[in-house]
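Asks: Sequence lines, in order, name chains A and B.
So for the first sequence, this note's numbering puts the first residue at 1462; every next one is plus one.
So for the second sequence, this note's numbering puts the first residue at 1462; every next one is plus one.
Treat the hints as calculated values from the structure; they're not laboratory data.
A few of these clues could be false.
Identical copies carry no separate label here, and so any pair may be met within one copy or between two of them.
Stated by the list, open to error - Lysine-lysine pairs mimicking DSBU-like chemistry, simulated, CA-CA at most 30 Å apart:
no., residue 1, residue 2
1, K1474, K1658
2, K1595, K1658
3, K1474, K1655
4, K1474, K1595
5, K1640, K1595
6, K1640, K1474
7, K1640, K1658
8, K1595, K1655
2 protein chains.
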Amino acid sequence: MRRLPERGLYGEKDIHAVLDAAPFCHIAHLVDAQPVCTPTLHWRIGDRVYWHGSVASRMLRHAAGARVCLTATIFDGWVLARSAFNHSANYRAVMCFGEPEIIEDDARKAELLEVFTEQRFPGRWAQLRPVTPKELRATTILTMPLDLASAKVRSGAPDDPPRDCSWPVWAGVIPVRSKALRAEIATGVPAGVKPPKRSGR
Amino acid sequence: MRRLPERGLYGEKDIHAVLDAAPFCHIAHLVDAQPVCTPTLHWRIGDRVYWHGSVASRMLRHAAGARVCLTATIFDGWVLARSAFNHSANYRAVMCFGEPEIIEDDARKAELLEVFTEQRFPGRWAQLRPVTPKELRATTILTMPLDLASAKVRSGAPDDPPRDCSWPVWAGVIPVRSKALRAEIATGVPAGVKPPKRSGR
């Protein structure tokens, strides 16, 4: 794994923080020699990452036991330099390489889905209509360890060389942030039911 | 290319709209039989997509002439159902398959970078310190047509079955939006220089 040294972060804490801050990731996997890049929700517990889907999912079937790359990226803003060449983006990205395995045990699957839910909406799992054995059988969960992962971060001002800095053009950063808006209640929710708590993820 | 029929959109307009709304994408490509998933900025002109980087980039070198999958995804929010099983995410995603080619001509490269810049910051290209031949030679631009592309969109309320709808838990959507914050000027920008115009992209 080579990377731009000035953008490399190697710490486990950095890798965990980016994975936890990204609401979803993309997974590169092979289907009949064709690379396929699929967006999916993921979650992290300790030093492993998890993702899930329908047992009918072609993506999950092809990924299990094969080499994949899971990449989670957060776009933090536009970096406007004095030259087109030095324009950039601020971002945080984690790449994780591995050979995912399928979680087979239904009780373990229920535990993992509970953590996934609770990490985002604390207290929600106990309020939900309980998961059924049929639903667990219809759900595939994949996991892989984070032992082959790396983080890359670009932050801060543009990197203009000194000779460009007097050029009369605006330069700087336009930060971009993701923001949750007001929750939109579904039809039929009984009166008096409270909206979910958010963890900030 | 199989996909969930209820989430499939096949129109060229839908594919273009998602590519234009996403600030960046992920590209799945092979490096020595290992799938790699790399985030990068992209832009679209007509029925082609473009991305770029350093001539030293391993990603661009490995992607040229090989099969890749470029996926651009916009996360639109959390979908909270009455059961864990029916929880979901609202999103818009486009997957584009192809074998990218390198743009060799420097004048053409300059034109393409100008469009990339102007699509996001109208009027900015003419204000910038002009691009040099050396910078153009140091920049690789890849392109592929959008003739093998598909869009998937999930929007709206949770899909709870009628028997779940009286369960006493909050259900609905928490929309998530990307928002540009106030621009942060770099040090050294001459007084009186105006901040860039935004196109909304």
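Asks: All the hints need checking, so say for each whether the structure fits it.
Replies: Status of each hint after checking the structure:
no., hint, verdict
1, K1474 x K1658, "within (26 Å within a copy, 38 Å between copies)"
2, K1595 x K1658, "within (28 Å within a copy, 54 Å between copies)"
3, K1474 x K1655, "neither (34 Å within a copy, 39 Å between copies)"
4, K1474 x K1595, "neither (37 Å within a copy, 39 Å between copies)"
5, K1640 x K1595, "neither (35 Å within a copy, 40 Å between copies)"
6, K1640 x K1474, "both (24 Å within a copy, 27 Å between copies)"
7, K1640 x K1658, "both (15 Å within a copy, 22 Å between copies)"
8, K1595 x K1655, "within (29 Å within a copy, 61 Å between copies)"
The structure is inconsistent with the numbered hints 3, 4 and 5, although it conforms to all the rest.
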